[in-house]
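If you read the sequences in order, they're chains A and B.
If you read the first sequence in our numbering, its first letter stands for residue 1, the second for the next number, and so on.
If you read the second sequence in our numbering, its first letter stands for residue 1, the second for the next number, and so on.
Keep in mind the hints are simulated off the structure, nothing from the lab.
Note that the Cβ used here is the ideal one computed from N, Cα and C, for glycine as well.
Derived pair list, reagent style DSSO-like, types lysine-lysine, alpha-carbon separation capped at 30 angstroms:
1) 257/B - 387/B
2) 202/A - 179/B
3) 101/B - 179/B
4) 179/B - 201/A
5) 338/B - 363/B
6) 238/A - 91/A
Computed far set for chain A versus chain B, every beta-carbon distance over 12 angstroms:
7) 15
8) 29
9) 31
10) 92
11) 93
12) 168
13) 187
14) 192
15) 217
16) 250
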Amino acid sequence: MDKLSKIFASCRQQERAALIIFCSCGFPDLERSEQAIEAAIEAGADIIELGVPFSDPMADGAVIRQASGVALRNGATLAGILDLAARVSHKHPETGFILFSYMNVLFNYGLDRVCRKLSAIGVDGILAVDLPLEEAAELELPCRDNGLHLIPLVSPATSPQRAAAITARATGFVYSVNVCGVTGVREELPAEMAAQLAELKKISPAPVAAGFGVTDGAAARRISQVADGVIVGSAVVKILAREQDFQVSLEESRQFIRELARNCRRCP
Amino acid sequence: MNTHYGIYGGQYVAETLMPALAELETEYLAARADQEFQNEYRQLLKNYVGRESPLYFARRLSQSLGGASIYLKREDLNHTGAHKINNTIGQGLLARRMGKKRLIAETGAGMHGVATATVAALLGMECEVFMGSQDIQRQAVNVERMNTLGAVVHPVSEGSATLKDAMNEALRDWTARFKDTFYLIGTVAGPHPYPLLVRDFQAVIGQEARRQCLEQCGRLPSQVIACVGGGSNAMGIFAGFEADSGVQLVGVEAGGKGLQSGEHAASICGGRVGILHGCKTYLLQDGDGQILDTFSVSAGLDYPGVGPEHSFMADSGSAHYVTANDDEAVAAFDLLAKYEGIIPALESSHALAYAIRIAGEYKPDTILLVNLSGRGDKDMDTVRKFKQQQPSATPGLGNSI
Numbered sequence: 001m002d003k004l005s006k007i008f009a010s011c012r013q014q015e016r017a018a019l020i021i022f023c024s025c026g027f028p029d030l031e032r033s034e035q036a037i038e039a040a041i042e043a044g045a046d047i048i049e050l051g052v053p054f055s056d057p058m059a060d061g062a063v064i065r066q067a068s069g070v071a072l073r074n075g076a077t078l079a080g081i082l083d084l085a086a087r088v089s090h091k092h093p094e095t096g097f098i099l100f101s102y103m104n105v106l107f108n109y110g111l112d113r114v115c116r117k118l119s120a121i122g123v124d125g126i127l128a129v130d131l132p133l134e135e136a137a138e139l140e141l142p143c144r145d146n147g148l149h150l151i152p153l154v155s156p157a158t159s160p161q162r163a164a165a166i167t168a169r170a171t172g173f174v175y176s177v178n179v180c181g182v183t184g185v186r187e188e189l190p191a192e193m194a195a196q197l198a199e200l201k202k203i204s205p206a207p208v209a210a211g212f213g214v215t216d217g218a219a220a221r222r223i224s225q226v227a228d229g230v231i232v233g234s235a236v237v238k239i240l241a242r243e244q245d246f247q248v249s250l251e252e253s254r255q256f257i258r259e260l261a262r263n264c265r266r267c268p
Numbered sequence: 001m002n003t004h005y006g007i008y009g010g011q012y013v014a015e016t017l018m019p020a021l022a023e024l025e026t027e028y029l030a031a032r033a034d035q036e037f038q039n040e041y042r043q044l045l046k047n048y049v050g051r052e053s054p055l056y057f058a059r060r061l062s063q064s065l066g067g068a069s070i071y072l073k074r075e076d077l078n079h080t081g082a083h084k085i086n087n088t089i090g091q092g093l094l095a096r097r098m099g100k101k102r103l104i105a106e107t108g109a110g111m112h113g114v115a116t117a118t119v120a121a122l123l124g125m126e127c128e129v130f131m132g133s134q135d136i137q138r139q140a141v142n143v144e145r146m147n148t149l150g151a152v153v154h155p156v157s158e159g160s161a162t163l164k165d166a167m168n169e170a171l172r173d174w175t176a177r178f179k180d181t182f183y184l185i186g187t188v189a190g191p192h193p194y195p196l197l198v199r200d201f202q203a204v205i206g207q208e209a210r211r212q213c214l215e216q217c218g219r220l221p222s223q224v225i226a227c228v229g230g231g232s233n234a235m236g237i238f239a240g241f242e243a244d245s246g247v248q249l250v251g252v253e254a255g256g257k258g259l260q261s262g263e264h265a266a267s268i269c270g271g272r273v274g275i276l277h278g279c280k281t282y283l284l285q286d287g288d289g290q291i292l293d294t295f296s297v298s299a300g301l302d303y304p305g306v307g308p309e310h311s312f313m314a315d316s317g318s319a320h321y322v323t324a325n326d327d328e329a330v331a332a333f334d335l336l337a338k339y340e341g342i343i344p345a346l347e348s349s350h351a352l353a354y355a356i357r358i359a360g361e362y363k364p365d366t367i368l369l370v371n372l373s374g375r376g377d378k379d380m381d382t383v384r385k386f387k388q389q390q391p392s393a394t395p396g397l398g399n400s401i
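Isolated chain B (complex conformation) (with noise of 0.2 angstroms):
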């Protein structure tokens, strides 16, 4: 099967792992086919989860910015309070149908070690998570969770000691232990299949969506617009429309201190080709091809690269990507709280940073849904410490309106 988009993905993996990607393709197709994982997946999905999530008309918002109607998608309202439980099941019930027991996985801010510490749980799995120390730090309430939940996590201080290195020291793990691990990614990158199946597993957003907004409002929207670190969000609420040729598909990557200060996590927007993790695809690089830190306020967003089908539709042009920065998105995270009572993610107040700021372009008739892909209590901390280093930047009405 194909394993690339246009020039972007593939397999760039030492040839140790080669038979475990391969045996991971032939079962994923078998499960992708077999109404019975489908069913049990769905299932879990309704009845773990509380899928479906609601279609959210955010009617103060709109109307305090005077332009555009926008919508929420409430992923914040899943399980473990993100989109990435959507994947983590379907990889997990791919695990116990190989035969696999235990788990491991990288996490940036922790909520894909949750949500796969989650599912280890739940299938009777064991689970080890490995985190940057950095990330180990500012995100300790999760640190907390994932104890909780029975998993192991392995601090990396090598490094950046942030996500990059979480996702070597997993590849590093999987290379000797394939035979009983199963690697759970947490994103749309990696090599093949991992992109594919994580794509798959949160297209359910996407699906739903569509259909809630033509049930809504008997059309579709405008825009759809997301968060871009990894880019599974994105590519799950893009996956609903990508048929649809009138609706404009739209990234939001972490601009951090803004694209030119060279401290943000902009791989597209900012970055160039190359190979990291397994796959060919935009990569935040020095001139010598060394991996570059990444600077976001959002620690899930704080990744090098990108999701490979990203790189390529960002090509196409059949999704087009922007980026917002560290203060606009505080300022989002701001907003929606005042007048919806929604404390989004901070990655999310990304893709709610792009919406504010167009909405003005344009009239109530036209819909932006924006994915508001996770919940906003892990970001507390680092919201508060960012406004006592940055107090122009607050209260966030001033600013980005």
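Extracted from the complex, chain A is given alone in its bound form (with noise of 0.2 angstroms):
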């Protein structure tokens, strides 16, 4: 069994969501993002989203355009990512680790040659935020001929048939959107996410976790109700942002993704 897999498996043994953690890499800088995956980890992050900083970020919410902002400025480029990602994965080999990119810094990098890299060091899988279904093949061949699992995006736009044919080729995991929209901080989640959550599940050969808008435990709560795992990113990111003191921050962080961990319980 892969490791994404085990991990899953493990989790709904304990009767739990995985949870999964999204690193703005090189935020405020390599070494600090890189302290910043540790805590998360050891606060009981089952999954790490090593997001790549891309200069037009046209996915993304304020919060992360500003940490990439911040990353670019401070010199964080793909191979110094691919380096720290073979640090944390060696030293945690229990720990999933996907990198998450626009595809054109994979493109440019090569994708035979990422995901060769990837696979070597111990990474399990690639997100590619603007790579749909239909431009997926290009990506999805050198995926396959190196072990890493492809993870597909499915939103509430997104038809059944759709999400259908999305899932058929999914593995490791299906990344579900909760709202239309880019990543961010929001208010609440929508009332029909878990009926669509529930839907998804059914279709989806492959485990769901849920994304988009995870703002605290309550909503990770609500999620881990239906869904294999919980994502979280900005609402960690912006917490890592809001001191001076990095290290201030770094325990707010770990303090935050405890509450979220804790919420990954479902209730009986």
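Reassemble the complex: the two chains are provided individually, in unrelated frames, and hints are given to aid placement.
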């Protein structure tokens, strides 16, 4: 069984959803983003999304955009992030790691080359934000050749037929977007979310994790009742950006992720 | 349907936008085949835009250069002063047909924003335009025009605060509001079907120009020359000549301070293949795949990508792509004003600059057809500042001839 399958199976056994934390790599710099990843794993994250900054993040809200901007100004590169990924995945062989990127950065590095490298350093898969089903083949092949998962997205705008086509090709897990819009912290999740997730669960052979707009423990708890995984990004990045003293922010993020982890348990 | 041009084009967008793009494609193909839709589009082009635009022989300019005969396709004479309106009328009618109440657009120099605001007023729709805060300062008059037409202009201050950032913000808005909103893209870039429908709505330029050239000269031009930022005016005029193997199509990119300087906006001549704003195409990017800032005296060419069909045509050799630098464009701007009494847009001045550069190599029986895509009133301030900074490049008659 591959690592992600093991993680989801073990969470199922523990009657909880997997906790997936997005990290803006290189924010505020590579070294401190590595500390943020360590803190997230220590606080209970099962899978880490390694966010690669891009100059034109058209699917991201203000929080991740600003973090990406800082990361790029401080010299973050894909090569530097892959070195970071090698270190953390070596240190945490039980934790899942997904490279989370816009296509251009991957394409520029070389799709075959990035897949070979990720596989060699123990990263489990790739999520390319701007790669829908119609364009997926060019990355799907090198992913398959290198034993990597290519994580697809499904949104509330996706029709059931389309969701079936997308999930049929998915391995690892399916990323269900809770809201139509960009990433970011939102006041509340839409009422239809639980029903949508339940529908998607019925269709998808792969586990379903839900993200976008997950702001607090209560939101994580709601999602955990229906989904196999809870994904939190902007809310964590926002905390990491809050204080002048990064160590203070880091500690707050650790507390926050612990609270999220507690709320991933399924209520009987 | 095929969504690519060879390896270029495609639909590299977030999943949330895919159903919106599918709806747009379906509705557009239906509208394209609908005679009533086409009639209304043609009627508005005639009675509202003022088409057809003239084909004009620039006699004094040609004589002064002592070579080829230069003909100008006068898109500058359209309502709102550029070719942009051809596309916004088409997409505006499509938006109405789809029941959308709100138009959004990105704009660089402001011409596409003005053309979108114009159509929104014409059709009684809401309009919001995203514009880089840098461009808002450079193009204050166009911001006032958009406001007067009832549009709301949103400043975008992220990134380089120019056209590419405005397009990012428009895509973000559309991702959240595609149900009631039509995103009116101004050039032949973006995800499929935008490159296709913008090309179709601009094809009228080439169709008219070909017929007019045959009427006036009894033969086709040797070269059809147009400036290329995103490339909509070029694709529009090229479309009329794609079956004419004897006609050379030339796209002129913004060379800025020169390709060697690194300060330019020439995506094909000076870039590498990548993926931005929904399509695979030539891009200006750094070694790590981050998009670079562009540089051109002309705000309308200041875009780090190019329409995917242009990338395809560049590779296949069906069109030829060159650059003209800032100083050449400004010299061409002056020259056309001096000899023909026409002040061209700085964008169009790049196409003109290339024609001026090569005219001397030919005899008067050679026709060079230049797409004069817009008028230059908006550029007076920019040209004045350019000349103040680089007195050696003026008055324009010295350097490039």
